[in-house]
Amino acid sequence: EGIEVKYTDEAIEAIAEVAYLINQQSEDIGARRLHTVMEKLFEELSFNAPDLKGQQIVITEEYVKEQLKDSLNKYEVNKYIL
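If you want this note's numbering, it's the position in the sequence shown, counting the first as 1, plus 510.
Wrong hints could be hidden among the right ones.
[What the hints assert, rightly or not] Straight-line alpha carbon distances no greater than 25 Å define the calculated SDA-like cross-link-like pairs of lysine to any residue that follow:
id: 1; residue 1: K563; residue 2: N583
id: 2; residue 1: K575; residue 2: F552
id: 3; residue 1: K516; residue 2: Q535
id: 4; residue 1: K550; residue 2: N583
id: 5; residue 1: K575; residue 2: I539
id: 6; residue 1: K550; residue 2: T570
id: 7; residue 1: K579; residue 2: V515
id: 8; residue 1: K563; residue 2: S536
id: 9; residue 1: K575; residue 2: R543
Derived from the structure by calculation, the hints contain no laboratory data.
Whole structure, please, built from the sequences with the hints as guidance.
Structural data, given as structure tokens:
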């Protein structure tokens, strides 16, 4: 869609940590969990992509936590996220 997405180092760590913790609390499906986490992370951006054409989006740790909070609550792993 012509959107440039950048990640902070903290965001990458948070994404990996969420995928790992959910794998620990539910069925361990390995890297497929990361794929699921990324889909959830990009739900809102994908929906709004046509309006964001040509923009640069920076994914931060705060954005990751906000977008994945329902998943974190569902698996009760939010208490493990620093």
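Check: Okay, which hints does this one fail, numbers in order?
Finding: 1, 3, 8
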